[in-house]
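For the record, the sequence lines run as chains C and X. If you're matching positions, the first sequence starts at 1 in this note's numbering and goes up one per residue. If you're matching positions, the second sequence starts at 419 in this note's numbering and goes up one per residue.
The hints are simulated quantities; they were obtained by calculation from the structure and are not laboratory data. Fair warning: this is a prediction, and the values are worked out from it, not measured in the lab. One or more of the hints may lead you astray.
Derived list of chain X stretches under chain C, where covered just means 3 residues or more per stretch with a C-beta under 8 Å from a C-beta of chain C [what the hints assert, rightly or not]:
hint, segment
1, 698-704
2, 728-739
3, 774-785
4, 795-803
For every residue, glycine included, the Cβ atom is placed at its ideal position computed from N, Cα and C.
There are 2 protein chains.
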Amino acid sequence: MRDSPSMQDLAKRARGASRACARLDAEDRRRILESMAEAIEGASASIVSANATDMEAGRSSGLSNAMLDRLMLNDGRVRGMAQGLRDVAALPDALGEELERIERPNGLVISKVRAPMGVVLMIYESRPNVTADAAGICLKAGSAVILKGGSEAFHSNSAIAEAMIEGGRSAGLPEHAIQLLRTTERADVHELLQMDNQIDLVIPRGGEGLIRAIAEHSRVPVLKHYKGVCHVFVDETADVDMAQEICVNAKCQRPGVCNAMETLLVHQACAEKFLPQIGRAFGEHGVEVRCDPDALSILGAGVPATEDDWREEYLDLICAIRVVSSLDDAIEHINFFGSGHTDAIVTSDKQNAERFLREVDSATVYHNASTRFTDGAEFGKGAEIGISTDKLHARGPCGVEEITTYKYVARGQGQVRT
Amino acid sequence: MRDSPSMQDLAKRARGASRACARLDAEDRRRILESMAEAIEGASASIVSANATDMEAGRSSGLSNAMLDRLMLNDGRVRGMAQGLRDVAALPDALGEELERIERPNGLVISKVRAPMGVVLMIYESRPNVTADAAGICLKAGSAVILKGGSEAFHSNSAIAEAMIEGGRSAGLPEHAIQLLRTTERADVHELLQMDNQIDLVIPRGGEGLIRAIAEHSRVPVLKHYKGVCHVFVDETADVDMAQEICVNAKCQRPGVCNAMETLLVHQACAEKFLPQIGRAFGEHGVEVRCDPDALSILGAGVPATEDDWREEYLDLICAIRVVSSLDDAIEHINFFGSGHTDAIVTSDKQNAERFLREVDSATVYHNASTRFTDGAEFGKGAEIGISTDKLHARGPCGVEEITTYKYVARGQGQVRT
Chain C
1 MRDSPSMQDL AKRARGASRA CARLDAEDRR RILESMAEAI EGASASIVSA
51 NATDMEAGRS SGLSNAMLDR LMLNDGRVRG MAQGLRDVAA LPDALGEELE
101 RIERPNGLVI SKVRAPMGVV LMIYESRPNV TADAAGICLK AGSAVILKGG
151 SEAFHSNSAI AEAMIEGGRS AGLPEHAIQL LRTTERADVH ELLQMDNQID
201 LVIPRGGEGL IRAIAEHSRV PVLKHYKGVC HVFVDETADV DMAQEICVNA
251 KCQRPGVCNA METLLVHQAC AEKFLPQIGR AFGEHGVEVR CDPDALSILG
301 AGVPATEDDW REEYLDLICA IRVVSSLDDA IEHINFFGSG HTDAIVTSDK
351 QNAERFLREV DSATVYHNAS TRFTDGAEFG KGAEIGISTD KLHARGPCGV
401 EEITTYKYVA RGQGQVRT
Chain X
419 MRDSPSMQDL AKRARGASRA CARLDAEDRR RILESMAEAI EGASASIVSA
469 NATDMEAGRS SGLSNAMLDR LMLNDGRVRG MAQGLRDVAA LPDALGEELE
519 RIERPNGLVI SKVRAPMGVV LMIYESRPNV TADAAGICLK AGSAVILKGG
569 SEAFHSNSAI AEAMIEGGRS AGLPEHAIQL LRTTERADVH ELLQMDNQID
619 LVIPRGGEGL IRAIAEHSRV PVLKHYKGVC HVFVDETADV DMAQEICVNA
669 KCQRPGVCNA METLLVHQAC AEKFLPQIGR AFGEHGVEVR CDPDALSILG
719 AGVPATEDDW REEYLDLICA IRVVSSLDDA IEHINFFGSG HTDAIVTSDK
769 QNAERFLREV DSATVYHNAS TRFTDGAEFG KGAEIGISTD KLHARGPCGV
819 EEITTYKYVA RGQGQVRT
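Looking at chain C on its own, in the form it has when it is part of the complex (with noise of 0.2 Å):
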């Protein structure tokens, strides 16, 4: 058993190894993460078998067959953490990048350039990889990370972090850079969540429980993934076959993430064409169906909705269904019971896709396609740490840039101010 620092000393150690971290260079974090990758296949025997444990706890206190699939860890799934990390190390660099540049008459220039955040804390439930792919992407992004997850996969991410840290350091991971914590006391948590002036970042992966009541009680800035609550709304004018395939690709091609549809809004102008065929479509994909009052005696069948579908993120074959009577009606639902996370519009005219777009206020916005498109990867950004319903600093799928920040930083020879 190894020490255990107090919350203090954790973050202390933390912010020290954060400025070590940021005098590493392109070429070191992507050695580091390499020798991580490696290390991690090296322990896979000890990792599945700190898994066992894990498993075999989870199984005696009654987890559910679903969290116990996510708890998981076979040889193929380390390969895929490994390989996770070999990812990230491939990708480009962000650190350092150049993002502007003021030139000033008296010869100063100003750069704008892409630094590193500082220390990140990672909270997050059930599944080991995150322990190895947040570790990743924050020392990809320079950054010093504390991980803290479920208590349900403690043998797991220990494993995990054991040989991640031992890998690293051997290719010049700086001490502390990764630091697991090992409490499962609530109140240690909170601690951490108070330093403001050690840890720069909180991110909380897990359910939206998880996730308001950290942003309650952090005082550090928490990037938010919020629950996804997707719209598509089939306009008067829409090509109703190609509504019919979006709808059923974003409701039934994986009904239990956070990008899939869960409300549908009708145009009232093509309700009675659409909505039978979306029905019978639904009811070959097994979609329970909760309406409104219009759908529902359109389609002569279904559960009618009560306000609290309108706000559901069900992750599952159920979708609530609404006929509205215009696009201002569209958007001020969307914009009123969404959870700012992927809508879409499917129509033919062009300035109702682009008021659409405009309008309405999420981190991503369709025009004729599926809601299903919104992720790290289908971004193009390599690697995925979350997907942001807040406004400020990053939104939408984040990946390793938008876990850094900027600096500016002037070059001058001898300028004063007049």
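Given the coordinates of chain C, work out where chain X should sit on it, guided by the hints.
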């Protein structure tokens, strides 16, 4: 007297107005700002007369002369406010700008575009011109704004807001896009700070105490402008004449501002040479020095510094001085005691300069130039709403761009995910 809406109503109206603001185009915004400027000039007499009421109350309640000077408005200052609005109107429009474009193999085109933040709550003290400045910048950035000024400027702020709203309305300013909070109850402000569903951003302008209190109570993200404990580090190889000019400028040109130098760090290898020289120059400018033992013994004068001096933002003709034994010590001192605002190195050693610029974790870092350049105008931002000492979202001088967000706008032809 007007009715006083509840905080809930006020925030809801702002949210509604933000939707209307998002529908304005660049020319609408320009025209509204011009009309606001004209209305302020036209209302100069009534603004100055409202200000006289505040000034009288300020005098009876014993406001300092410095406070009274900040509060005071005359015809010239009102014209200055109007000119400020015209300057903002003339800035290039930032909204809708494509920041990045991703073209996917399936033909989906994803644009990252600059988008309005939504609703901004501006909380400020004494200076009534902030009423006009903040409203102008928020409107230019496409957001609705709730203004909460200091109670000592209540009549002045009301007169300015009334004129702006009246003038803006005649040019198409959406109703409730600018609202002045008429309450003096702290509980009302606290209520607003909980409304993270209606308000997107809080910007406090004022003393450190005000900002800390808001940051602690707010669930809405806060753009913080804490103090400026700015350093100049005079390195071993510094050109001492250049160093003296920079230090005198950074300390004496305008000591009461956040980008003035508060602590001077001198490399021990040039302390014997540089300190007596800067000591004489400071003496001529009436600067009081607070010194560590080494500096004290070399200078043979000054007050011994306590640890508090290293954290102090004097905003006055006082300078803390410390002799350090290396570049590393200087960087460590700054990262530990500094406020992340602005720091400078004077050196002829390019490698040391680059290390300092990279490793000092501050919003703005300078090589061979005065700290006094950190402000919106010098950075070409046209208008400034503050200087952020945060690392998330916006760092350093904040203008119109810094109070916008972005969104991903994807245009397809029926793409679905496979």
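ask   = According to a criterion of three or more residues whose C-beta lies within less than 8 Å of a C-beta of chain C, is the segment 728-739 of chain X covered?
value = violated (count 0)
query = Under a C-beta cut-off of less than 8 Å, do 3 or more residues of the segment 774-785 of chain X approach chain C closely enough to confirm the stated coverage?
reply = Satisfied; 10 residues make the cut.
Coverage criterion applied to the segment 795-803 of chain X (partner chain C; beta-carbon cut 8 Å; 3 residues) = Since 3 is at least three, the answer is holds.
key: Within 8 Å of chain C (C-beta), three or more residues of the segment 698-704 of chain X   = violated (count 0)
Consistency note: the structure conflicts with the earlier hints numbered 1, 2.
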